[in-house]
Amino acid sequence: MAVMSYIDAINLALHEEMERDENVFVLGEDVGVRGGVFLATKGLFDKFGENRVIDTPLAESAIVGVGIGAAMYGTRPVAEIQFVDFILPAVNQIVSEAAKTRYRSNNDWSVPMTIRAPYGGGVHGALYHSQSLEGLFSGTPGLKIVMPSTPYDAKGLLKAAIRDNDPVLFLEHKRAYRLIKGEVPEEDYTIPIDKAEVKRQGEDVTVITYGLAVHFALEAANNLEKEGISTHILDLRTVYPLDQQAIIDAASKTGKVLLVTEDNKEGSVIGEVAAIIGEHCLFELDAPIARLAGPDVPSMPYAPPMEKFFMINPDKIEKAIRELAEY
Amino acid sequence: MGTSKSILASLTSEKAKWMYRKMVEIREFEEMVHDIFAKGELPGFVHLYAGEEAVAVGVCAHLTDQDSITSTHRGHGHCIAKGCDLDGMMAEIYGKSTGLCKGKGGSMHIADIEKGMLGANGIVGGGFPLAVGAGLTAKVKKTDHVAVCFFGDGANNHGTFHEGINMAAIWNLPVIFVAENNGYGEASTFEYASSCTNIADRAAGYNIPGEIVDGKDLLAVYEAAERAVKRARNGEGPTLIECKTYRDYGHFEGDAQTYKNDKEKVEQRDHNDCIKRFKDYALANNLATKEDLDAIEDSVKKAIEHSVKFGEESPLPDASELTKDVYVSYE
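Protein chains in written order, with the UniProt record's numbering: chain A, 1 to 327; chain B, 1 to 331.
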């Protein structure tokens with residue numbers, strides 16, 4: 001099995017799906033000739049040509065909206081939004097159109113579309129190149145939000161998203177692109193979109209998180225193992241709709257739960273995870289549910305000390321797990 | 001370089017020297033940022049304005065501190081032309097506590113209320129409605145202030161372009177929309193991404209004047225902006241000015257620019273430089289002496305060196321600054 005970076009896994013999934021199904025096409029800003037600013041779409045233009053790898057003007061609302069219209073006529077568009085921070089002009093198209101089309105048309109029309117966007121900070125991008133905006137879209141029935149943590153999951157989930165018959169917002173942590181490497185099979189496989197996965201078995205404390213923070217949690221768990229603290233880690237993978245049973249099982253396993261997100265704390269998807277645990281696991285809990293999240297400030301600032309303060313890291317997670325273990 | 005006599009008449013030596021200074025400030029600032037970025041001394045990424053100086057300076061030459069501008073991700077030139085402090089700007093790009101935004105914003109988000117600088121903007125097309133809002137206030141409050149929206153050719157395909165200009169037109173607002181058409185929206189050419197031949201052609205759809213100028217010719221920009229600002233102050237409504245220009249560097253620093261051709265790069269940098277063109281003109285028309293311009297260049301070099309020293313030596317902000325200014329403080 002080949003070891004590859006997170007972004008190469010994304011790129012491989014796109015190549016494979018475009019080869020497999022001629023209805024799959026890619027559109028976005030500089031995704032063609034240039035291969036995307038992060039090179040996620042590298043090589044596609046040369047292989048599949050300008051009708052299937054389409055450079056668009058800088059116009060996010062239309063990038064998404066055009067994808068929706070094309071998807072309604074039987075294609076499977078993969079729209080790239082260059083940074084998730086740029087997606088906001090397209091919110092109307094995503095929430096009002098893509099997510100509601102099947103429901104409002106009595107199942108006549110559907111939007112089998114994937115919208116890919118890099119999110120997250122720690123790359124010195126300042127306010128509009130660092131945000132986590134999944135919380136803005138969660139709570140939109142009709143839309144699915146997938147946020148893979150590993151190259152293996154990224155490939156399998158992106159392929160599943162492209163084949164899904166409903167719109168999927170596929171968010172990729174931009175710092176994971178080249179930082180995270182892992183084994184990725186070269187053969188075809190998909191991963192079910194609505195399933196969370198236990199990334200580590202443990203007995204004392206449960207961490208529930210997603211995206212890049214999964215790796216920080218794994219690092220923290222390995223350090224704590226030496227102190228005799230055993231950490232159970234659940235990777236949500238899909239943050240909307242949530243895999244409720246996996247959350248209940250993971251919380252019940254240890255009775256002590258730490259929820260981690262890089263998004264602002266209030267209004268983030270982990271608040272909903274906490275609500276599920278509160279509804280279902282009252283008698284299984286041995287400690288209050290703990291949350292570790294970005295501070296409630298408008299965006300990640302530019303100056304390094306503030307960015308560092310904002311970012312989730314293994315030390316913060318380790319400290320939070322230790323506090324729960326000692327509770 | 002074709003320039004009408006009326007310009008020469010209205011252009012004082014003092015103004016010419018001010019404009020020369022501002023253009024050189026922008027160029028030297030950007031060259032310095034290019035160097036310190038390459039050395040890895042800056043914590044974030046930057047988009048440089050070098051090559052487009054004549055646009056920001058030719059327009060801002062007609063503005064006061066009470067007039068407002070909105071800027072772009074390529075905003076250093078607009079900030080300098082509008083009078084933002086060089087030390088405060090450089091410190092911001094270093095992410096220091098003495099920066100104009102105390103290190104929170106960085107290169108792409110410099111704002112300065114004292115100078116009417118509504119802000120550089122990390123979002124393409126973000127500025128159109130803001131400038132219209134500033135113009136609406138000027139009209140309703142009957143000030144004679146104007147608002148200028150600087151934007152790139154990439155933004156002219158954004159929805160906010162249409163929404164903003166249409167509103168400014170129906171309400172006859174004192175807003176000047178200044179397109180900086182440098183030929184590229186990120187890595188895509190203007191010709192590929194835009195259905196129009198000229199951005200200014202789109203003005204016809206809004207029933208406002210649209211003017212095309214050589215953005216490398218400071219006086220052409222100056223003259224067009226003078227007319228537009230005058231119209232705006234007289235209550236005659238918005239204008240769209242398209243400045244055909246060229247960015248000397250890439251979309252961002254580190255951009256390999258494989259989408260540009262080398263011939264065009266050399267031609268623009270070496271044979272169509274806006275600063276050199278204006279310098280020649282100013283000397284030929286006795287607006288300044290060589291000694292005047294040399295002194296300006298020396299003084300600017302020192303100012304830029306000072307800004308770097310200031311940026312380097314200023315302290316980083318404390319992490320606790322992060323939670324300040326989320327909402328108004330009544331303390």
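I should point out that these hints are in silico values taken from the structure, not numbers from a laboratory.
For every residue, glycine included, the Cβ atom is placed at its ideal position computed from N, Cα and C.
Watch out, some of these pointers could steer you wrong.
What the hints assert, rightly or not - Footprint (simulated), chain A over chain B, 3 or more residues, beta carbon under 8 Å: (1) 37 to 46; (2) 50 to 63.
Unchecked claim - Here are a few chain A residues that face chain B, going by a calculated C-beta distance under 8 Å: (3) 222; (4) 297; (5) 304.
Said to hold, decoys possible - These stretches of chain B come out as covered by chain A in the derived footprint (C-beta under 8 Å, 3 or more residues): (6) 106 to 115; (7) 122 to 129; (8) 150 to 160; (9) 191 to 204; (10) 306 to 319.
Report task. Report the numbers of all earlier hints that the structure fails to satisfy, in ascending order. Result -> Going through the list in order, the structure violates hints 2 and 3 and respects the others.
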